[in-house]
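These protein sequence lines map, in sequence, to chains A and B.
Per our numbering: the first sequence = residues 1 to 268.
Per our numbering: the second sequence = residues 1 to 268.
It should be emphasised that the hints constitute simulated quantities derived from the structure, not laboratory data.
Incorrect hints may have been included.
Taking lysine to aspartate or glutamate and the DMTMM-like style, the derived pairs with C-alpha atoms no more than 25 Å apart in a straight line are [stated by the list, open to error]:
1) LYS226(B) x ASP205(A)
2) LYS69(B) x ASP50(A)
3) LYS95(A) x ASP50(A)
4) LYS262(B) x GLU173(A)
5) LYS95(A) x ASP207(B)
6) LYS99(B) x ASP207(A)
7) LYS216(B) x GLU78(A)
8) LYS95(B) x ASP50(A)
9) LYS99(B) x ASP205(A)
10) LYS69(B) x GLU208(A)
Computed from the model, here is a short list of chain A residues facing chain B with C-beta under 10 Å [unchecked claim]:
11) ARG67
12) ALA134
13) ASP153
14) LYS165
15) GLY174
16) PHE206
17) ASP207
18) LYS221
19) TRP236
20) SER259
Ideal Cβ positions, reconstructed from N, Cα and C, are used throughout, including at glycine.
Protein chains: 2
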Amino acid sequence: MQNGNVLKDKSVKEKPLIFVTNDDGIHAPGIRLLIDRMRALGRVVVVAPDKPQSGTAHAITIHTPLRLKFHAGEPDYEEYSCNGTPADCVKLGFKVVMKRHPDLLVSGINHGSNSSVSIIYSGTMAAVFEGAMAGVPSIGFSFNNYSPDAALDSCGAVVSDIVEKVLEDGMPEGVCLNVNIPDVPLKELKGIRICRQAGGTWQEDFDERVDPIGRKYYWLKGIFVKTGNGEDTDEWAMENHYVAVVPVHFDFTSYEAISLLKYWEKDA
Amino acid sequence: MQNGNVLKDKSVKEKPLIFVTNDDGIHAPGIRLLIDRMRALGRVVVVAPDKPQSGTAHAITIHTPLRLKFHAGEPDYEEYSCNGTPADCVKLGFKVVMKRHPDLLVSGINHGSNSSVSIIYSGTMAAVFEGAMAGVPSIGFSFNNYSPDAALDSCGAVVSDIVEKVLEDGMPEGVCLNVNIPDVPLKELKGIRICRQAGGTWQEDFDERVDPIGRKYYWLKGIFVKTGNGEDTDEWAMENHYVAVVPVHFDFTSYEAISLLKYWEKDA
Chain A
1 MQNGNVLKDK SVKEKPLIFV TNDDGIHAPG IRLLIDRMRA LGRVVVVAPD KPQSGTAHAI
61 TIHTPLRLKF HAGEPDYEEY SCNGTPADCV KLGFKVVMKR HPDLLVSGIN HGSNSSVSII
121 YSGTMAAVFE GAMAGVPSIG FSFNNYSPDA ALDSCGAVVS DIVEKVLEDG MPEGVCLNVN
181 IPDVPLKELK GIRICRQAGG TWQEDFDERV DPIGRKYYWL KGIFVKTGNG EDTDEWAMEN
241 HYVAVVPVHF DFTSYEAISL LKYWEKDA
Chain B
1 MQNGNVLKDK SVKEKPLIFV TNDDGIHAPG IRLLIDRMRA LGRVVVVAPD KPQSGTAHAI
61 TIHTPLRLKF HAGEPDYEEY SCNGTPADCV KLGFKVVMKR HPDLLVSGIN HGSNSSVSII
121 YSGTMAAVFE GAMAGVPSIG FSFNNYSPDA ALDSCGAVVS DIVEKVLEDG MPEGVCLNVN
181 IPDVPLKELK GIRICRQAGG TWQEDFDERV DPIGRKYYWL KGIFVKTGNG EDTDEWAMEN
241 HYVAVVPVHF DFTSYEAISL LKYWEKDA
């Protein structure tokens, strides 16, 4: 549990330095709740997008310059917004704002689930991968309700519970957490399950329209369809009112397929 | 090897339907070479971004409408550009242009490597994941030279070789290929290796500048640093003049970590 060493070192008297970001933008209710909870646990630096960035996945900004806007500075607290993606926010936050790595990165609370294959489109989880690739224990939180006005009552306690666990125990090397919280009142939450990513796919449809000068355009829309739902999956956990914690990593190799395809190798 | 069944069914007389896209945009030399090679092997539909989309990763466009522009139609060939990301191109291509799934998806040839963790930022590979999630055998090709003017001489033969192999043998279910081609003349290529994704990280730096009205802005730049280089990795293969083929999947679960974290589970 290498990454947890700094945090577990009891000789370090300082409160942990926690970096906070998201993909719904700095004004989203989800990040405001996350910030409140983190300020109770440590020193906090926030760099979050200045506007919603849902669906940006792991995009980075290389064709336009990035800007930081200072929002607030108080003892043990600094807040900035950035005109880039969640991944940009992490890179700028670590390199320009903090000039060091934090002890923990948290991203969210996303308004909408990032379970199953939705992780691949998720800006929330891109920020988490970015932290993990830098060797920082990193956690993404998502709430299974897309409405920005949804009551987040159940999320606060879950977030604090899981963050305290990570600050105490650290995280396996090269691993980060995708935490999805079901949309039920706190008293109906049944507990926490460590899960695998459920099989699933987004079945796209396009809304075809015609603009005022007669040209077609298309709005992307889609429906998530599960293709598997074992009791060990994040989808099953959420449907059964458990918080789903999926440990994920950024080695995308299919090791099983390496042996299946080995016969392709050839020398010129 | 479920996905290959349609292609392996010898009773199907039709030439395979091959979908082509990329992230460098429809005019990039890499995709033009890829199109030429695919037209020799089957019917081809191209939907590619109308401008460079490097670094877009798996972003999808949900805040602005998408448009398709028709470029060319010939027997067994259709070409369109789209104002969206590579993932958008695949979704629009399958649902709106072809109204079916192709027998094969190829993406690239990217101007620049997508080996190691670069896969996570890659629009080229996002298109490939998008195909694989739809159950289509899908391959991304990248050339280890970022210059759009680089000689692609060695790529053509490699692309045809690997595509013919996939059309013949199919692909393991849920797996797609990340193919990286070293920047050496064809006669110096030593062969093909089936690899795992090498450990590595992008160490960011930011170029801080001041605009004419005195506000700071930042250009993202970074250096790739390997953190491991076993003889079974894509980085090793390329350095040793082999084509690196990494089978990748879109289940990001760290199964090892599930057992390590199981003790976190609790019931309310």
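These are the hints, each one checked on the structure:
With a CA separation close to 41 Å, the supplied pair LYS226(B) and ASP205(A) exceeds the 25 Å bound. Between LYS69(B) and ASP50(A) the alpha-carbon distance is near 32 Å, which puts this suggested pair outside the 25 Å criterion. With a C-alpha separation of about 19 Å, the suggested pairing of LYS95(A) with ASP50(A) holds against the 25 Å cut-off. Taken as a hint, the LYS262(B) and GLU173(A) pair is honoured in the structure, with Cα atoms around 16 Å apart against an allowance of 25 Å.
A threshold of 25 Å between alpha carbons decides the hint, and for LYS95(A) with ASP207(B) the separation of about 11 Å falls inside it, so the pair holds. Restraint check: the Cα-Cα separation between LYS99(B) and ASP207(A) comes to about 14 Å, which is no more than 25 Å; the hinted pair holds. Using a Cα cut-off of 25 Å, the hinted pair LYS216(B) and GLU78(A) holds, with the two alpha carbons roughly 18 Å apart. For the hint linking LYS95(B) to ASP50(A), the alpha-carbon distance of about 33 Å lies beyond 25 Å, and the restraint is violated.
For the suggested pair LYS99(B) and ASP205(A), the alpha carbons sit about 11 Å apart, so the restraint of at most 25 Å is met. The hinted pair formed by LYS69(B) and GLU208(A) meets the criterion: a straight-line CA distance of about 14 Å does not exceed 25 Å. For ARG67(A), the suggested interface contact is upheld, since its CB lies about 5 Å from the closest CB of chain B, less than 10 Å. With its C-beta approaching chain B no nearer than about 7 Å, ALA134(A) sits inside the 10 Å limit, and its interface hint holds.
Using the Cβ-Cβ criterion of 10 Å, the hint placing ASP153(A) at the interface with chain B is not satisfied: the shortest such distance is roughly 15 Å. Nearest Cβ of chain B to the Cβ of LYS165(A): about 6 Å, under the 10 Å cut. The hint holds. Restraint check, GLY174(A) versus chain B: the minimum CB separation of about 8 Å is within 10 Å; hint holds. The criterion of a C-beta within 10 Å of any C-beta in chain B is met by PHE206(A), whose closest approach is roughly 5 Å, and the hint holds.
Contact between ASP207(A) and chain B, as hinted, is supported at the beta carbon level, the nearest pair being about 9 Å apart and thus within 10 Å. Because the beta carbon of LYS221(A) sits about 9 Å from the nearest beta carbon in chain B, less than 10 Å, this interface hint is met. Using the Cβ-Cβ criterion of 10 Å, the hint placing TRP236(A) at the interface with chain B is not satisfied: the shortest such distance is roughly 14 Å. Interface hint at SER259(A): satisfied, since its Cβ lies 9 Å from the closest Cβ of chain B, which is below the 10 Å cut-off.
The earlier numbered hints that this structure contradicts are 1, 2, 8, 13, 19.
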